[in-house]
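2 protein chains.
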Amino acid sequence: MKTVGIVVEYNPLHNGHVLHYEKSKEVTGADAVVAVMSGPFLQRGEPAIAGKRARTEMALAMGVDLCIELPVTYAVQPAEWFAHGAVAILEATGVVDCLSFGSESGTLERMLPLSRSLANESGALQSEIEKHLQEGMNFPSAYGAAAAAVFGDSDSDITHLQSMLMKPNNALGLHYLIALHRLGSRITPYTIPRESAQYHDPLPGASCIASATAIRNIILSQGLDAARPYIPEFTYSIMAREIENGQAPMEWEQFRQPLFQSLLTHTPAQLEGFLEVTEGLEYRIMRTLAKLQKPTVDALLESLKTKRYTRTKLQRMLLHIMLNHDKTSMNREELAKGPGYIRILGFSDCGRMLLKRMKQHATLPVIHKPTALDHPQLERDVRAAAVYANGHPQPDIKCYYSDYLLPPVTS
Amino acid sequence: MKTVGIVVEYNPLHNGHVLHYEKSKEVTGADAVVAVMSGPFLQRGEPAIAGKRARTEMALAMGVDLCIELPVTYAVQPAEWFAHGAVAILEATGVVDCLSFGSESGTLERMLPLSRSLANESGALQSEIEKHLQEGMNFPSAYGAAAAAVFGDSDSDITHLQSMLMKPNNALGLHYLIALHRLGSRITPYTIPRESAQYHDPLPGASCIASATAIRNIILSQGLDAARPYIPEFTYSIMAREIENGQAPMEWEQFRQPLFQSLLTHTPAQLEGFLEVTEGLEYRIMRTLAKLQKPTVDALLESLKTKRYTRTKLQRMLLHIMLNHDKTSMNREELAKGPGYIRILGFSDCGRMLLKRMKQHATLPVIHKPTALDHPQLERDVRAAAVYANGHPQPDIKCYYSDYLLPPVTS
Chain A
1 MKTVGIVVEY
11 NPLHNGHVLH
21 YEKSKEVTGA
31 DAVVAVMSGP
41 FLQRGEPAIA
51 GKRARTEMAL
61 AMGVDLCIEL
71 PVTYAVQPAE
81 WFAHGAVAIL
91 EATGVVDCLS
101 FGSESGTLER
111 MLPLSRSLAN
121 ESGALQSEIE
131 KHLQEGMNFP
141 SAYGAAAAAV
151 FGDSDSDITH
161 LQSMLMKPNN
171 ALGLHYLIAL
181 HRLGSRITPY
191 TIPRESAQYH
201 DPLPGASCIA
211 SATAIRNIIL
221 SQGLDAARPY
231 IPEFTYSIMA
241 REIENGQAPM
251 EWEQFRQPLF
261 QSLLTHTPAQ
271 LEGFLEVTEG
281 LEYRIMRTLA
291 KLQKPTVDAL
301 LESLKTKRYT
311 RTKLQRMLLH
321 IMLNHDKTSM
331 NREELAKGPG
341 YIRILGFSDC
351 GRMLLKRMKQ
361 HATLPVIHKP
371 TALDHPQLER
381 DVRAAAVYAN
391 GHPQPDIKCY
401 YSDYLLPPVT
411 S
Chain B
1 MKTVGIVVEY
11 NPLHNGHVLH
21 YEKSKEVTGA
31 DAVVAVMSGP
41 FLQRGEPAIA
51 GKRARTEMAL
61 AMGVDLCIEL
71 PVTYAVQPAE
81 WFAHGAVAIL
91 EATGVVDCLS
101 FGSESGTLER
111 MLPLSRSLAN
121 ESGALQSEIE
131 KHLQEGMNFP
141 SAYGAAAAAV
151 FGDSDSDITH
161 LQSMLMKPNN
171 ALGLHYLIAL
181 HRLGSRITPY
191 TIPRESAQYH
201 DPLPGASCIA
211 SATAIRNIIL
221 SQGLDAARPY
231 IPEFTYSIMA
241 REIENGQAPM
251 EWEQFRQPLF
261 QSLLTHTPAQ
271 LEGFLEVTEG
281 LEYRIMRTLA
291 KLQKPTVDAL
301 LESLKTKRYT
311 RTKLQRMLLH
321 IMLNHDKTSM
331 NREELAKGPG
341 YIRILGFSDC
351 GRMLLKRMKQ
361 HATLPVIHKP
371 TALDHPQLER
381 DVRAAAVYAN
391 GHPQPDIKCY
401 YSDYLLPPVT
411 S
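Order-wise, the sequence lines are chains A and B.
Residues in the first sequence are numbered consecutively from 1, following my numbering.
Residues in the second sequence are numbered consecutively from 1, following my numbering.
No lab work stands behind these hints, which were simulated from the structure alone.
Pairs count within a copy or across copies, as identical chains cannot be separated in the list.
With a cut-off of at most 27 Å between alpha-carbon atoms, the simulated DSS-like pairs for lysine-lysine come out as follows:
| hint | residue 1 | residue 2 |
| --- | --- | --- |
| 1 | K294 | K398 |
| 2 | K291 | K305 |
| 3 | K337 | K356 |
| 4 | K291 | K369 |
| 5 | K369 | K294 |
| 6 | K167 | K305 |
Nothing here was measured: the structure is a model prediction, and the numbers come from that model.
Please construct the entire structure, taking both the sequences and the accompanying hints into account.
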């Protein structure tokens with residue numbers, strides 16, 4: 001049974017994801033699909049529009065066979081750690097043969113050799129990154145520029161590489177490839193060209209494919225029905241049920257009160273202890289709060305934003321503060337150890353067979369409920385789920401601890 | 001100008017308070033009234049139904065001449081520290097001649113000699129308190145029983161004293177008297193008998209006087225109009241405006257989300273660092289959360305409550321967790337130093353004259369805005385006000401920092 005791994009957020013699962021899923025099976029010839037999916041909080045530092053169980057249901061409805069949670073420890077991280085965590089889990093299952101990801105470039109031709117070098121490189125690249133950061137670049141741009149400068153053959157090649165790496169999915173893909181190299185993985189990578197909808201494009205075109213960002217904006221501003229052309233019918237029904245139950249749609253503003261409370265009750269010295277509160281950002285937070293025009297998360301982010309600090313970086317920082325993620329327990333050494341378990345969110349009949357094979361081949365504990373293991377990453381996942389449920393439009397105590405109360409989703 | 005000091009919460013200011021105010025002037029023959037009033041959070045560990053500016057307006061409308069904020073460091077404390085902080089501020093003004101408080105007993109006959117002994121006592125009383133705590137008594141009862149046992153003349157006298165000290169206003173009054181002794185104050189104490197409405201009585205009688213608790217329950221369950229017979233017209237108008245502006249009525253449930261978020265994101269070891277999280281209560285919190293039926297503050301308190309831990313003690317504990325009040329910076333030694341400033345909330349024309357006299361006589365800095373001083377107690381006050389504003393039905397950024405933005409209220 002040939003198995004392809006994918007790394008997903010499904011925020012929410014839309015027509016573009018279905019295309020990627022189908023192409024991934026087609027290109028790799030895989031019979032089964034394993035998805036590593038972020039839980040309630042996502043890579044760009046945002047709450048998912050619906051909870052992880054609902055999004056697992058969407059994945060299974062589409063045809064995913066096994067859905068595994070990417071621990072929040074890796075899910076809310078810059079591309080480098082996000083990719084490392086996700087790829088390490090796919091590798092640890094012992095049953096994944098290939099990895100398929102979407103990219104703007106649609107080919108691995110330049111990315112593969114680049115990733116091979118970057119996996120081993122540190123000195124020259126690091127000092128080049130530092131140089132660009134000091135020029136005021138944000139980290140993703142600095143990384144792209146540095147990688148291009150160190151490995152480009154000529155001026156035009158450097159420009160070409162840099163422009164390629166400015167595309168978010170190319171950059172993320174590069175980190176998947178680097179992670180595969182670093183882990184000495186035998187998983188074969190594939191990339192699928194991303195369709196017309198631009199990730200950064202807030203408005204959908206005439207096509208039935210729109211970016212997840214555009215779809216969320218439609219749902220939040222016009223309601224679920226307006227988003228119907230861009231999502232499969234099962235996404236529509238699951239979202240409709242979640243909204244009906246008061247558990248969606250979720251967005252940052254649902255966390256206004258606890259976020260502001262965290263910011264207001266910590267001293268700058270305490271704020272500095274949280275992950276991603278770097279380079280004096282604790283003082284920037286304090287100054288920004290004092291002159292804010294409106295008590296909304298959006299107003300806060302708009303006021304905090306600079307060329308150097310992207311909204312993504314700032315959103316992750318605010319999430320870490322809200323979730324009490326400190327620098328000490330989530331340091332580089334801890335992250336480099338990789339995920340500590342394979343948490344099953346859901347599976348199909350075929351997924352059940354994969355789970356059986358994993359009993360022999362998995363190199364990490366495979367768990368269905370958090371009671372099965374005592375691990376700091378798992379504690380963070382349970383806490384993140386509870387904080388997320390605490391932000392629901394209609395909070396329900398059953399959702400706070402559904403990690404403990406409910407078995408994985410099955411299709 | 002003879003001046004009487006009173007210690008108030010005005011939550012909200014009602015007809016019983018007017019009576020106490022008038023009797024206090026009559027009994028003491030005072031021309032001016034200075035009130036030390038708690039800010040947004042109160043002695044029983046609850047948010048005030050309206051903000052401190054609104055309640056200052058009520059005080060001035062009734063005839064109070066000078067309204068001073070009791071720092072949250074003392075306002076949300078057991079009777080002992082609450083009384084110490086409030087009396088120390090009245091003493092520090094240098095212009096207060098007498099102190100008037102309401103009590104169930106209505107006389108100082110037994111309380112004065114008792115307070116004189118208790119002010120100097122420690123050994124016998126402490127071991128008697130410990131004995132009762134170990135029997136499972138809560139602290140206020142243990143204190144009352146211990147004081148009665150140590151100072152009663154006979155069995156019947158002990159029973160009588162103990163029953164007297166079981167009444168909350170007698171107990172609080174005793175601590176005012178102890179504080180006066182300990183501070184070597186020359187302020188003369190007076191007590192006014194409390195009228196028929198019982199503090200613990202949730203339902204108003206036929207009288208136009210109802211307890212503040214009963215009035216808040218009426219406002220929260222039936223609306224402001226239903227409470228009209230029990231409050232002066234100015235309280236009604238001020239409350240109506242605050243409700244209209246989305247800044248009242250405030251209650252614990254307005255803080256459900258940040259409170260639960262604080263509880264959910266801290267480990268037991270971290271919770272144990274907060275004030276009043278004593279004797280393993282951090283584990284009781286964790287166990288209680290896991291089996292809670294509804295995500296409400298009330299359900300949490302009902303589940304946490306035991307004979308030993310009163311709702312009051314638990315509410316204060318939850319407030320300290322939410323406000324990030326830690327044991328280290330708010331230890332006994334720090335509290336024993338007393339308030340660090342006299343923060344003016346509002347004044348009348350007569351109060352302006354008191355302020356002039358205080359320039360010569362006050363023994364603490366007199367401040368109108370928090371920018372005037374750098375003091376940890378003041379930082380806590382500013383934070384408490386911002387957290388309170390963050391819980392408003394309609395949050396408005398101007399309220400978060402009104403401490404900085406607005407001058408004291410004047411009448």
